[in-house]
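With the hints as extra help, turn the sequences into a complete structure.
The sequence shown begins at 1 in the numbering used here and counts up by one.
Worth flagging that the hints you see were computed from the coordinates, not collected in a lab.
On a predicted model such as this, the values are computed, not experimentally measured, just so you know.
Be aware that a few hints might be false.
BS3-like mimics (lysine-lysine), calculated; alpha carbons at most 30 Å apart, straight line [what the hints assert, rightly or not]:
no.	residue 1	residue 2
1	LYS209	LYS474
2	LYS321	LYS108
3	LYS471	LYS223
4	LYS892	LYS1034
5	LYS354	LYS339
6	LYS762	LYS916
7	LYS270	LYS339
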Amino acid sequence: MKYFSLFLLFIYFSISLNASLVLTKKEKEWISKNPIVKVGVDSNWAPFEFKNKQDIQSGISSDYLKEISKLTGLKFDIYSDKWSRVMQKIRLKDIDMLACADSTEDRKMYLDFTEPYLLADIVVVSRKDLQLDNFQQIEDLTVAVPKSNFIHEKLQKRFPNIKFIFTKSNEEAIDYVSYNKADIYVGNMPVVSYYINKHMLTNLEVKFKADFDSARLSMAVIKDKKMLFTIIQKALMTISKEKRKQINKRWVFDSKSVKLYNAKNLFTQKELDWLKKNSPIKIAGDGYWHPYSFYDEKGNYVGIIPDLFKSIKQSSQVDFKLVKTKNWSETLNLMKDKKIDVIDAISYSSSRAKYIDYTASYFTTDLVIIGTSDNNKYIKSIDSIVNKKKIGTVDNYVVSEIIKKDYVDIEKLREYDNIKDGLQALASRQINYFITDIASFDYYAKKLGLSNLKIVGPSGYSFSYSFGVKKDDKILLSIMYKVLNNISKEEFDRIYRKWVQVEYQEKIDYTLIWKIVIFSIIIILIIFYSNRKLKNQIEQKEKAQEDLKKSNEFIHSIMDSQMDIVVVTNGKEIQRVNKAFFDYFHFDSLDDFKKRYNCISELFDKSDENSEFITSYKENKLWIDYIIDNPCKYNKVKIKLDNKEYIFKVLASHIENSVDLKTAVFHDITAVEKLHNELIEAKNKALEATKHKTEFLANMSHEIRTPMNSVIGFTELLEKEITNPIQKDYLSSIKKGGTALIAIINDILDLSKIEAGKMQIKYESVNPNELILEVESIFHSKLISKNIDFSVHVDNTIPKYIIIDGIRLRQVLFNLIGNAIKFTEQGYIKLNVNNIFKNGIKSKIDLVFEITDTGVGIDQKDLKNIFNVFEQSEQDRAKYGGTGLGLAICSKLVEMMNGKIEVFSQKGKGSTFRVKLYDIDVGSIDENDIKEKIDYESIIFEKASILIVDDVDENRKLIKSILSNHNFKLFLANNGKRALEIIEKEKIDLVLMDLRMPIMNGYEATTSIKNNKKTSNIPVIALTASVMGKDLQKVESYGFDGYLRKPIIINDLLAELSKFLEFKFDTNTIENLCKNDKFVPNEKLAILVEKLQDLETNLNSIKSKGDFILIESFCDELILINKDFDLMVINEYTNELKKYIESFDIEKVDYLLNNYSNLIENIKNKMESQNG
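Now the structure itself:
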């Protein structure tokens, strides 16, 4: 029995260290059908998830995925990107799961989260020389945190007056603390440990834990894949505590530079408060599971697990209270009813996960099949005995649950209250087999004298055990994680050895002696046989040497047949070469070569050690070793010999069964490299030409926009001053001409951007009905002047908001409708917008725009060229004008927006242009986010000082003229240096800053303003004549608060100022009208107010539809109501509304409708004043 026990313990110890995963048949089938799982990870969140220098995904989550892959056989297809894009992918179900994520209420809507595999404490880090004792002291310090970090929100809420320095990353924030730019950093422990050790920041230390909940990091699976979730959950629970510690230790260093906390401050303040309120923690377990946990003769709860909890209590001062149970089923029922807090050891199952949360596992057991001693049959697996023999398990053990799932029709499964009852039933032959773990069987076999039982085979089941915590108690779960991690491996091993040991007896084992004698005889026979065999081997060796000689000759023939140079070498000396070597380098033999050189590497060109070519040594490695270690690189060498220069691509590999020798193949690419260099030179010339063209266009745009700023700006000012209709018509012509010139410039720049690949589509939430109404309003006056009917039909199934580039869609519609008006003299133009939903949930649509006209039409032979650049017939160009760029730009923009454009036309009858846009996402927007349009003519700004900075005198005069009618004190400067001098002397509230100026430009001046603490809060708005994307990006990067493009439109300028300066609306007109109106008795006014309020109930519906016919009906009804009262204020309101409806001025109409409630309010005020 002594050796058998030793054997059992050896097997058991091996099993305990090497956990295996138990999967049901259905789970295994799922894996075989779905072997590859798409996983989303963050590309820049070290040490959890990040790409290393070799662009390979690394980190804690990657190591856990590797362990899961080993356990399950699943392969993981990694999608690594910015976290926002990863979350977008998971929401669209383009990926199956996330490797590392914190559970939030929002995410739980579409993801299932595993038990957390890592709890990360939030800690406070500072320099060692900073005296800091508790969390409350940080309120007076400066904290470095990354932008948009959840820690910032928590700290701001806890300490409203705390100072922040925002950084681009955690790494930069920790550096700021080390270099004394900030006092402290607050973040999670793994990140702190990783970066302190990465940068060897030995002047930093962790002071203490922040009083925030630990980050709970889990894996998350989309809700559609329940089976995958169960597999991942099981695999995670199977990973042992020791393996988890290995992974964590690899990334979360245990360094002297990090002052790790001890048991005294193991818990956060919130956890300590919980323990104070809820101690002792009620625990229960399995009282009949020797030697793990059981009741002794005195009724004490003893064993490996109870001793472990005693150790936990000593090290962490956490108090536990045992709740005794009759059997395992009662323990589970107590947890279901939340009458206990913790189960001391429990394995995972999906049914238990409904009411239990799990810590990491801390030990593992394998289950075996126990049979009777007279059973000589070896049982390979449970498959061979199910439904043939009676099998016993413990009731409510996970193995019982899994057997029932795997073998749905099983009839002969018997369940017992505990292991003891089951083994006794087997010994009395009530059942044929019983399934349990080795340690429990060994214990009961000895104690109960069950000598007629033995292990007859493996069950195939292995289970990992964790602490089970009552569901959704996050604080308790965190506490149990910490007390588990606080127990060392040495302590656990000590407790384990105390309960699992073997008693040795001093006696002579004659069986063992006979085994040794027999073994010795066998050895002697083997030696005798070997001597006989040796003679045959010598004869065979001689024959083999002859065969080897022939083989070498054959190999040499193969090498010589190669056109490439083949070299066998250790990297320092050549051993063998082929015929091509001598053909290239003109040596008679290898000996002839070795008179001058030892290795081919001595021929490598060494003129530029930093070039793309390999020399004798590369990155401190021998040339051939470097090539073998970097097989994916395009390894090249340059060889100069006898005034000839060769370039070779080199491949290399180890020779099997050889320690030092390797093979290198040199493929001549001299001609290819020459062609490659010529192509690069041609490409560089083309890029240089494109750069010059772009610079020319940018300069041209700037130079034209600058004077056009004055032309259009002063024209707008004159329009407000001049009342003579003929002069107004002249001004309108000037403005139209300037606008047309700007449009031509924009077309040329757009085409240039598209051809250079720099045009970007920017998606946003757009209301298609408002967009179409806006397009209609733009062309309203043109259509009336040409007497052309214009009708719009919009499919009423089109969603209220769609995700598309609204600017580019407007541009396409402007071009197509503008062309239709240009080429149509009589008849009509129709715009039809139709919608096709792409899926059942209506989350994507296809949009179809059709613009049909009765214009001149296009000849069939010209249709195929209509979308080419500058394509326009000479007759059309002479008659209608234009650059021939519009349709080319439309075609390219539609293509970039995932669409296509078609044209159908007949000469003399008209044309139809059809734009199809595919797979448009349906958007949603909060009504609060929809800003009402503002009538900027009614704005009254509060007093403010504005500095206008521009080197062009006309531009300064223009802006001064626009703003002179407002309550502003204006200062003027012609360069950045002068602007800084004025700011130093005067109190300036806002700066309008030109970019290109002599002496000091706008970028330099703005940098000085923003870097000065006294002036950093002054808003600076850029004035730019450039429309190039890189210039606008530059504006943003230099800290400008906004920008205006030249030519400056009055409303655009006032809109930008309203973002930064205080203002109110001029409501005096309506109020004065009410005050000066004729007297009407309050009784009649009350009736009027009631009617006006009844009319208001329909107003919101009318506004949302944007139908001018409905708005006009509303106005007529208001006029009708006022006939009985004849109030001046209502007459003025309806006259204004009528005027703007007829001129199709959407902004003014919208403004008046929004102020309808003010009209009612002023009439009510009139009633109150009459009472007084």
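A quick look at each hint next to the structure:
| no. | hint | result |
| --- | --- | --- |
| 1 | LYS209 / LYS474 | 18 Å, holds |
| 2 | LYS321 / LYS108 | 34 Å, violated |
| 3 | LYS471 / LYS223 | 20 Å, holds |
| 4 | LYS892 / LYS1034 | 26 Å, holds |
| 5 | LYS354 / LYS339 | 16 Å, holds |
| 6 | LYS762 / LYS916 | 18 Å, holds |
| 7 | LYS270 / LYS339 | 23 Å, holds |
Violation of the numbered hints given earlier is confined to hint 2; every other hint is satisfied by the structure.
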